[in-house]
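Visitor: With chain P fixed as given, assemble chains G and Y onto it according to the hints.
Protein chains in written order, with UniProt numbering: chain P, 1 to 644; chain G, 1 to 249; chain Y, 1 to 226.
Hints in this document: simulated from the structure, not taken from any laboratory.
Computed from a predicted model, the values in this text were never measured in an experiment.
Glycine is no exception: its CB is placed at the ideal position from the N, C-alpha and C atoms.
Any given hint could be a false lead.
To be verified - Below, a list of computed lysine to any residue pairs in the SDA-like style, where the Cα atoms sit at most 25 Å apart:
#1 P:644 / P:368
#2 P:20 / G:136
#3 P:182 / G:192
#4 Y:98 / G:136
#5 Y:126 / Y:111
Unchecked claim - With beta-carbon atoms standing in for the labels, derived distance ranges:
#6 G:244 / P:137: 34 to 42 Å
#7 G:147 / P:499: 57 to 65 Å
#8 Y:96 / G:137: 47 to 55 Å
#9 G:147 / Y:205: 22 to 30 Å
#10 P:90 / G:94: 13 to 21 Å
#11 P:538 / G:6: 36 to 44 Å
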Amino acid sequence: MILDSKIPEGPLAEKWTNHKFNVKLVNPANKRKYDVIVVGTGLAGASAAASLAELGYNVKAFCFQDSPRRAHSIAAQGGINAAKNYQNDGDSVYRLFYDTIKGGDYRAREGNVYRLAQVSVNIIDQCVAQGVPFAREYGGLLANRSFGGAQVSRTFYAKGQTGQQLLLGAYSALSRQVANGKVKLYPRTEMMDVVMVDGKARGIVTRNLITGAIESHSAHAVLLCTGGYGNVFFLSTNAMGSNVTAAWRAHKKGAYFANPSFTQIHPTCIPVSGDHQSKLTLMSESLRNDGRVWVPATVETAEKLRKGLIKVNDIKEEDRDYYLERKYPSFGNLVPRDVASRNAKYVCDEGRGVNETGEAVFLDFRDAIKRDGEATIKAKYGNLFDMYQQITGDNPYQVPMMIYPAVHYTMGGLWVDYNLMTTIPGLYALGEANFSDHGANRLGASALMQGLADGYFVAPYTIGDYLAQNPNDRISTDHPEFQKAEKEVSDRLQKLLSIKGDKTVDYYHKKLGKIMWDYCGMARTAEGLTKAKAMIKELKKEFWTNVNVLGANEELNQSLEKANRVADFIELGELMVDDALSRNESCGGHFREEYQTPEGEALRDDENFAFVSAWKYLGEGLEEELNKEPLVFENVKLTQRSYK
Amino acid sequence: MNLTLKIWRQKNNTDKGGFKEYKITDISEDMSFLEMLDVLNEQLSTKGEDPVHFDHDCREGICGMCSLYINGNPHGPQQTTTCQLHMRSFKDGDTISIEPWRAKAFPVLKDLVVDRSSFDRIIQAGGYVSVNTGGVPDANEIPIPKSIADLAMDAAQCIGCGACVAACKNASAMLFTSAKISQLALLPQGQVERKIRAENMVAQMDAEGFGACTNTGACEAECPKGISITNIARMNREYFSAVLSSDTV
Amino acid sequence: MSWVSKTLNSTLGRKVLMALTGLFLILFLVVHLAGNLQLLIPDGGEAFNKYAATMANNPFIKVVSIGNFAFILLHVIYSIILSRHNKKSRPVGYSITKASSNSTWASRNMGILGTLLLIFILVHLKGFYYEVKFGSIPMTSYEGVEFKDVFAIVSAAYSNVLYVAFYVLSMGFLAFHLSHGFASAFQTLGLNHVKYSPLIRKVGLVFSILIPALFALIPLVMFFQN
Numbered sequence: 001m002i003l004d005s006k007i008p009e010g011p012l013a014e015k016w017t018n019h020k021f022n023v024k025l026v027n028p029a030n031k032r033k034y035d036v037i038v039v040g041t042g043l044a045g046a047s048a049a050a051s052l053a054e055l056g057y058n059v060k061a062f063c064f065q066d067s068p069r070r071a072h073s074i075a076a077q078g079g080i081n082a083a084k085n086y087q088n089d090g091d092s093v094y095r096l097f098y099d100t101i102k103g104g105d106y107r108a109r110e111g112n113v114y115r116l117a118q119v120s121v122n123i124i125d126q127c128v129a130q131g132v133p134f135a136r137e138y139g140g141l142l143a144n145r146s147f148g149g150a151q152v153s154r155t156f157y158a159k160g161q162t163g164q165q166l167l168l169g170a171y172s173a174l175s176r177q178v179a180n181g182k183v184k185l186y187p188r189t190e191m192m193d194v195v196m197v198d199g200k201a202r203g204i205v206t207r208n209l210i211t212g213a214i215e216s217h218s219a220h221a222v223l224l225c226t227g228g229y230g231n232v233f234f235l236s237t238n239a240m241g242s243n244v245t246a247a248w249r250a251h252k253k254g255a256y257f258a259n260p261s262f263t264q265i266h267p268t269c270i271p272v273s274g275d276h277q278s279k280l281t282l283m284s285e286s287l288r289n290d291g292r293v294w295v296p297a298t299v300e301t302a303e304k305l306r307k308g309l310i311k312v313n314d315i316k317e318e319d320r321d322y323y324l325e326r327k328y329p330s331f332g333n334l335v336p337r338d339v340a341s342r343n344a345k346y347v348c349d350e351g352r353g354v355n356e357t358g359e360a361v362f363l364d365f366r367d368a369i370k371r372d373g374e375a376t377i378k379a380k381y382g383n384l385f386d387m388y389q390q391i392t393g394d395n396p397y398q399v400p401m402m403i404y405p406a407v408h409y410t411m412g413g414l415w416v417d418y419n420l421m422t423t424i425p426g427l428y429a430l431g432e433a434n435f436s437d438h439g440a441n442r443l444g445a446s447a448l449m450q451g452l453a454d455g456y457f458v459a460p461y462t463i464g465d466y467l468a469q470n471p472n473d474r475i476s477t478d479h480p481e482f483q484k485a486e487k488e489v490s491d492r493l494q495k496l497l498s499i500k501g502d503k504t505v506d507y508y509h510k511k512l513g514k515i516m517w518d519y520c521g522m523a524r525t526a527e528g529l530t531k532a533k534a535m536i537k538e539l540k541k542e543f544w545t546n547v548n549v550l551g552a553n554e555e556l557n558q559s560l561e562k563a564n565r566v567a568d569f570i571e572l573g574e575l576m577v578d579d580a581l582s583r584n585e586s587c588g589g590h591f592r593e594e595y596q597t598p599e600g601e602a603l604r605d606d607e608n609f610a611f612v613s614a615w616k617y618l619g620e621g622l623e624e625e626l627n628k629e630p631l632v633f634e635n636v637k638l639t640q641r642s643y644k
Numbered sequence: 001m002n003l004t005l006k007i008w009r010q011k012n013n014t015d016k017g018g019f020k021e022y023k024i025t026d027i028s029e030d031m032s033f034l035e036m037l038d039v040l041n042e043q044l045s046t047k048g049e050d051p052v053h054f055d056h057d058c059r060e061g062i063c064g065m066c067s068l069y070i071n072g073n074p075h076g077p078q079q080t081t082t083c084q085l086h087m088r089s090f091k092d093g094d095t096i097s098i099e100p101w102r103a104k105a106f107p108v109l110k111d112l113v114v115d116r117s118s119f120d121r122i123i124q125a126g127g128y129v130s131v132n133t134g135g136v137p138d139a140n141e142i143p144i145p146k147s148i149a150d151l152a153m154d155a156a157q158c159i160g161c162g163a164c165v166a167a168c169k170n171a172s173a174m175l176f177t178s179a180k181i182s183q184l185a186l187l188p189q190g191q192v193e194r195k196i197r198a199e200n201m202v203a204q205m206d207a208e209g210f211g212a213c214t215n216t217g218a219c220e221a222e223c224p225k226g227i228s229i230t231n232i233a234r235m236n237r238e239y240f241s242a243v244l245s246s247d248t249v
Numbered sequence: 001m002s003w004v005s006k007t008l009n010s011t012l013g014r015k016v017l018m019a020l021t022g023l024f025l026i027l028f029l030v031v032h033l034a035g036n037l038q039l040l041i042p043d044g045g046e047a048f049n050k051y052a053a054t055m056a057n058n059p060f061i062k063v064v065s066i067g068n069f070a071f072i073l074l075h076v077i078y079s080i081i082l083s084r085h086n087k088k089s090r091p092v093g094y095s096i097t098k099a100s101s102n103s104t105w106a107s108r109n110m111g112i113l114g115t116l117l118l119i120f121i122l123v124h125l126k127g128f129y130y131e132v133k134f135g136s137i138p139m140t141s142y143e144g145v146e147f148k149d150v151f152a153i154v155s156a157a158y159s160n161v162l163y164v165a166f167y168v169l170s171m172g173f174l175a176f177h178l179s180h181g182f183a184s185a186f187q188t189l190g191l192n193h194v195k196y197s198p199l200i201r202k203v204g205l206v207f208s209i210l211i212p213a214l215f216a217l218i219p220l221v222m223f224f225q226n
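In isolation and in its complexed conformation, chain P is listed as follows (with noise of 0.2 Å):
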């Protein structure tokens, strides 16, 4: 199959306004005759449903939480980028467009994202609009600041909680269409299938996850706002319950699964301090704007202060190495995400790392407090230095925080095209669910943009677009593909709790999730990929004739929904392993060892690898088909990323 991008013609700048031109329309007295489904209710689908609702279409919302207000967007801590300049710094929407662009190392569509950093600035009047209590200015006007791998303030924020915020402006519209009756919410509800007719999706099967009841439900369109699949990494900043089940299931039914291998390594996250970890917590990249990231320059001082033998404050000036500030004068502690951690890393593997387990470094803050006084810091971040002492019981106003990177976002996800459209017709995918906007790494607060961007500002267009060129014609559950979808989710559930073997859930999740980290996490190579395939096949035998789910499908059963959801994440991981060999090039966080330059940046192969590598299921067992989307940069120049 030949992958259509469906990328408008025309300059850069007036495609989308010609798309919007372009597509059809539907009736306003017809969107009434069209429903649509929506799985997930973060930023991207609450805000499509909510959206959808309002112009007419009827409206299904499923989440697998209590309510749509625990979606995961709400942990979000940093802030949203938008093109406003505001601050009159010289911020554009190209200049939105371009860091997006350099920051994803070239893997994303130009069009694509000239688009995001065009509607983001309707984002946050949007935002304001609602009623989402932006952080201001003395005289009133929205304040913003400057993030993560970006020269110019364009982040807007809410404290440290903007995610929140926007979820729950998200969530606002969304309640309101619910009480006005074009929304009817499904919460505890799990997608389990998409159910195709005619080549189309057209609907969904779903678990009651009270009472275990399989359902289905018919539609004229099915989005998947289901966001990303970090948690096949077993340790990560992702909700516990986050999983890739919804886009996986899709994917078996025919959707192409891009760049699965694009993970983002978060540079700022709490280092692990047991086994029993269950989860790792991120700290707002923002503190690396006052914080300073150091490791002792000699492995000996590092050992010392391993074994207790010296405190971290007595470590004089000239026995620390800021390495981020050596290596990189121009952005220092500001580099883009995966540099930050990938030169964490590489300290660590030098033996400097500062905790017990050798897999940490400082990010202090001392000289903030020394220029700016404890009063300016803690109004910053106070609540951020809060809950690193809540977890870890050291003050970090006292002595330096420990970071260590961790897994906190997929770029990959599934294929798209313009329309954010998977190569279902009919299906749609948006927000991290799909891959289409970050290409190798994505820049801080642009995931909340583009979560927004994709379900108030696109989705509402692209599906009227589809729906006026498909027929209104209702489809009962009661046809052959929906009864099919359904038992054959039946049979998987009842095979999961016929095996009876004597290992957990979490036993062959955290195998999993430590094969993914050692060899596909922040630095890859051929080999110890060719060997973490083969440790997954086996992983995957092994699971399937020795877990133990408890309990039976009636009922409320934590232990089958986390065997579903993983037993989704070990086919997954395979395909991730597949790609990240597949990709013979460092780009981004995909940081392949053989591909470097000789300073240790990653070093991209342009000619051989600008595409996206969509993916196709082809069956059981079979080796996934690599399909490519050659990447056509026809605005920016591809150049080498440098932040010295």
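Guide: Coordinates of chains G and Y only, in the frame set by chain P:
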């Protein structure tokens, strides 16, 4: 450390339920409370016993999904969420009692899992500004004094966990409801629907079967986000000025 | 349902009735205390008896006293309605609660305190109000004018150690009831402000100690004078 856990077990919504005791050993003080329960559940699962069901998701203290009434306090002894509570708050040999949130409007679904959809319905009754996507003015069109924006943000921080209801001796949801009413009453964007919002949200709160406020302040003391009962006073003002002056009869 | 009854039956409406009636009763306490303090004037009860006569005959005071009874009744009835409603809001209770870590004892036990005060009020009314109004009481005269000698009844009552103890104890209950009720009424009425609320709480605290203490002082002084 070694601990004794007294945990509420209830098969489903109709089951009567009761406490069950579990011994758990070798708990590190760096564990979070939920990780301690993970360890218990791994042990139970390995033994073939049904693991303890509890709600949790982000484990960063922001999604509001985790609950648990621990040793007589919602979210345990500290003013934080259960997921951010660490075992260093307990001592070796402690007995820890764990119960679900208790309220008529929060029926128990299984073990420690309760249904908080009543909160969603309160928001649906008016916790929004009725603007459609698109066609809104520029974000800097309406200046908002920093102090007002900050106050609105303080109220907006509510994570909807329900600790206020759990803590209140009357199972009242006034802190939750007032936080949203306050946020939107403070901001210029919320003015248009200010009256109808207060009336409808209070009516829905009552319809859900939450109790009345007796100003004990327990909600504020237990709220993991430190939402102030000043918001309740504001809600009272909003509500009465609305019923006395609105043109809805 | 009309909007009025709908409002008054909402949880907020009921609370406001509690607050308004409570504040009226607080005001009444001050007036009542001012009158009662005349018992301590060493004039053999002349001032007090004259005051009692004024209170009994002034038409304005009569209306107010009917209102006062009505407010006490409303305060009681609504507290019962609210307590029942609140009880129903948590059909299954907790096995352990550590409420002392998040709220004051008085704030959680307003119902019990109120019930004890209601008993006190009933005994108090029976002992004085009923006797003065409907019982036979001795008369006394000042400058040739006849007055009911209410002072004599009070004085007799306060020579009984049990009666005095009951009074003093009840004023203790009142102190606790007020310690929460005073500031709580303002909060319910929405009168919460960064500048004034701390003041209200301080005044409330002083009020809740001072007024019951002065009330309790009267029987004590009279007991020891006898």
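Visitor: The structure should be examined with respect to each hint, and the outcome stated for every one.
Guide: Here is how each hint holds up against the structure:
no.	hint	in the structure
1	P:644 / P:368	23 Å, holds
2	P:20 / G:136	19 Å, holds
3	P:182 / G:192	22 Å, holds
4	Y:98 / G:136	49 Å, violated
5	Y:126 / Y:111	22 Å, holds
6	G:244 / P:137: 34 to 42 Å	37 Å, holds
7	G:147 / P:499: 57 to 65 Å	60 Å, holds
8	Y:96 / G:137: 47 to 55 Å	53 Å, holds
9	G:147 / Y:205: 22 to 30 Å	29 Å, holds
10	P:90 / G:94: 13 to 21 Å	58 Å, violated
11	P:538 / G:6: 36 to 44 Å	42 Å, holds
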